[in-house]
Amino acid sequence: MKLERLACRRRVALLLDYLDRELPASEHKLLARHRASCRSCASLLASLERTVRILQALKRTYKPPVTARRALAAALRNI
Amino acid sequence: MIAERDLIERSRSGDAQAFSRLVGRYEDRIYRLAKHVCVGLPAEADDVYQDTFLTAFKKLKSFRGDSELGTWLYRIASNLCLMRRRKKSSEPFVPLLDRPHDHDDDAAHQFRDWSPTPEEAANKKELVEKVTRALAKLPMDYRLVLTLRDVEGLSTAETAKILKLSVAAVKSRLHRGRLFLRDEFERAFGAKESKR
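Chains A and B, in that order, are what the protein sequence lines are.
Converting from the first sequence to this note's numbering requires adding 146 to each position, the first position being numbered 1.
Converting from the second sequence to this note's numbering requires adding 1 to each position, the first position being numbered 1.
Next comes chain A alone, as it looks inside the complex (with noise of 0.2 angstroms):
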């Protein structure tokens, strides 16, 4: 596999696969020695990776306030 030669829309939905880790082992290791040596994929790459951690940092937010649990006990009384 060439990365250079495939089309913009392949090479993107490549590397996003690549972030995921949902390549065969073998292609993930082809596109980790393109990340290697090509400098646009890996600022590509680290900046949809910065993308997701902040994303994934979101997951420490938000609790259910206190009103919206007392809400739902009374209401499961009441079924």
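No lab work stands behind these hints: they were computed from the structure.
Careful, some of the hints might be misleading.
[What the hints assert, rightly or not] BS3-like mimics (lysine-lysine), calculated; alpha carbons at most 30 angstroms apart, straight line: (1) B/Lys-60 with A/Lys-209; (2) A/Lys-205 with B/Lys-125; (3) A/Lys-205 with B/Lys-59; (4) A/Lys-175 with B/Lys-62; (5) B/Lys-125 with B/Lys-62; (6) B/Lys-126 with A/Lys-175; (7) B/Lys-126 with B/Lys-138; (8) B/Lys-138 with A/Lys-175; (9) B/Lys-162 with B/Lys-59; (10) A/Lys-209 with B/Lys-131; (11) B/Lys-60 with B/Lys-165; (12) B/Lys-59 with A/Lys-175; (13) A/Lys-209 with B/Lys-125; (14) B/Lys-138 with B/Lys-125; (15) A/Lys-205 with B/Lys-126; (16) B/Lys-162 with A/Lys-175; (17) B/Lys-165 with A/Lys-209; (18) B/Lys-162 with A/Lys-205; (19) B/Lys-165 with B/Lys-88; (20) B/Lys-88 with B/Lys-162; (21) B/Lys-88 with A/Lys-205; (22) A/Lys-205 with B/Lys-165; (23) B/Lys-126 with A/Lys-209; (24) A/Lys-175 with B/Lys-60; (25) B/Lys-59 with B/Lys-88; (26) A/Lys-209 with B/Lys-88; (27) A/Lys-175 with B/Lys-131; (28) A/Lys-205 with B/Lys-131; (29) B/Lys-162 with B/Lys-138.
For chain A, the structure is supplied; the task is to place chain B on it using the hints.
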């Protein structure tokens, strides 16, 4: 700790106390999903949170157990979010999402490290607000995929199962959504270098 299967069985026969324990195990993730997908009025998220568990309690007899309880609850919550959207008149229009293949720019760009600064990271509330504002610019279909996949950490296959979409459709929304958010985060947390 009581096994989940036992709590489900007891809840099926109407034991509200057993069901409350199930609520305790899943309420944070359901509320988070509602909060990120139904951005806007806080009451929307509260309603989705409550309706998800009330619907689940009523329909628990039809839960066959061939998927995880969490997956089933995510599906109920996602459907409730989508039903609320149908009642709204408009969704954000994001031109970039109509041109998903125009990424030649990406190859030509070098992206500066725009990670949140230590001050921004320390001021978590502000950081969350910035991210939430960016998410709100996306249509709900995209918010659902990004929340389940990236915030909640489910796999692409699990996300597809919950939303009853093909894996290809989930990937497409995930990819476009991430590219859109990357640009939004860049604006929020730093600036893009000019093209070489």
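These are the hints, each one checked on the structure:
1. Straight-line distance between C-alpha atoms of B/Lys-60 and A/Lys-209 comes to about 24 angstroms, which keeps the hinted pair within the 30 angstroms bound.
2. In summary, the hint linking A/Lys-205 to B/Lys-125 is supported, as the alpha carbons are separated by about 12 angstroms, within the 30 angstroms threshold.
3. Proximity of A/Lys-205 to B/Lys-59 is assessed by CA-CA distance (about 28 angstroms); at most 30 angstroms being required, the pair is judged to hold.
4. Among the hinted pairs, A/Lys-175 with B/Lys-62 is inconsistent with the structure: their alpha-carbon atoms are about 47 angstroms apart, more than 30 angstroms.
5. A threshold of 30 angstroms between alpha carbons decides the hint, and for B/Lys-125 with B/Lys-62 the separation of about 41 angstroms lies outside it, so the pair is violated.
6. Annotation: proposed proximity of B/Lys-126 to A/Lys-175 is violated, straight-line Cα distance about 39 angstroms (limit 30 angstroms).
7. With a CA separation close to 19 angstroms, the supplied pair B/Lys-126 and B/Lys-138 stays within the 30 angstroms bound.
8. Our distance criterion of 30 angstroms between C-alpha atoms is broken by B/Lys-138 and A/Lys-175, whose separation comes to about 35 angstroms.
9. For the suggested pair B/Lys-162 and B/Lys-59, the alpha carbons sit about 22 angstroms apart, so the restraint of at most 30 angstroms is met.
10. For the suggested pair A/Lys-209 and B/Lys-131, the alpha carbons sit about 18 angstroms apart, so the restraint of at most 30 angstroms is met.
11. For the proposed pair B/Lys-60 and B/Lys-165, the alpha carbon gap of about 19 angstroms is at most 30 angstroms, so the pair holds.
12. Note on B/Lys-59 and A/Lys-175: the hinted pairing is violated, with a Cα-Cα distance of about 49 angstroms set against a maximum of 30 angstroms.
13. For the suggested pair A/Lys-209 and B/Lys-125, the alpha carbons sit about 15 angstroms apart, so the restraint of at most 30 angstroms is met.
14. For the proposed pair B/Lys-138 and B/Lys-125, the alpha carbon gap of about 20 angstroms is at most 30 angstroms, so the pair holds.
15. A threshold of 30 angstroms between alpha carbons decides the hint, and for A/Lys-205 with B/Lys-126 the separation of about 13 angstroms falls inside it, so the pair holds.
16. Proximity of B/Lys-162 to A/Lys-175 is assessed by CA-CA distance (about 29 angstroms); at most 30 angstroms being required, the pair is judged to hold.
17. Distance restraint check for B/Lys-165 and A/Lys-209: the Cα-Cα separation of roughly 27 angstroms lies within the 30 angstroms cut-off, and the hinted pair is therefore satisfied.
18. Distance restraint check for B/Lys-162 and A/Lys-205: the Cα-Cα separation of roughly 21 angstroms lies within the 30 angstroms cut-off, and the hinted pair is therefore satisfied.
19. For the hint pairing B/Lys-165 with B/Lys-88, the CA-to-CA distance comes to about 21 angstroms; that is within 30 angstroms, so the pair holds.
20. Between the alpha carbons of B/Lys-88 and B/Lys-162 the distance comes to roughly 24 angstroms, so the proposed pair stays at or under 30 angstroms and holds.
21. For a cut-off of 30 angstroms, the pair hint linking B/Lys-88 to A/Lys-205 stands: about 28 angstroms separates their Cα positions.
22. Using a Cα cut-off of 30 angstroms, the hinted pair A/Lys-205 and B/Lys-165 holds, with the two alpha carbons roughly 23 angstroms apart.
23. Of the pairs offered as hints, the one joining B/Lys-126 and A/Lys-209 holds, with about 14 angstroms between alpha carbons and a cut-off of 30 angstroms not exceeded.
24. Our distance criterion of 30 angstroms between C-alpha atoms is broken by A/Lys-175 and B/Lys-60, whose separation comes to about 46 angstroms.
25. Under the criterion of a C-alpha separation no larger than 30 angstroms, the hint pairing B/Lys-59 with B/Lys-88 is consistent with the structure, at around 24 angstroms.
26. Proximity of A/Lys-209 to B/Lys-88 is assessed by CA-CA distance (about 26 angstroms); at most 30 angstroms being required, the pair is judged to hold.
27. Distance hint between A/Lys-175 and B/Lys-131 is unfulfilled; the C-alpha atoms sit about 35 angstroms from each other, more than 30 angstroms.
28. With a CA separation close to 15 angstroms, the supplied pair A/Lys-205 and B/Lys-131 stays within the 30 angstroms bound.
29. Using a Cα cut-off of 30 angstroms, the hinted pair B/Lys-162 and B/Lys-138 holds, with the two alpha carbons roughly 25 angstroms apart.
The earlier numbered hints that this structure contradicts are 4, 5, 6, 8, 12, 24 and 27.
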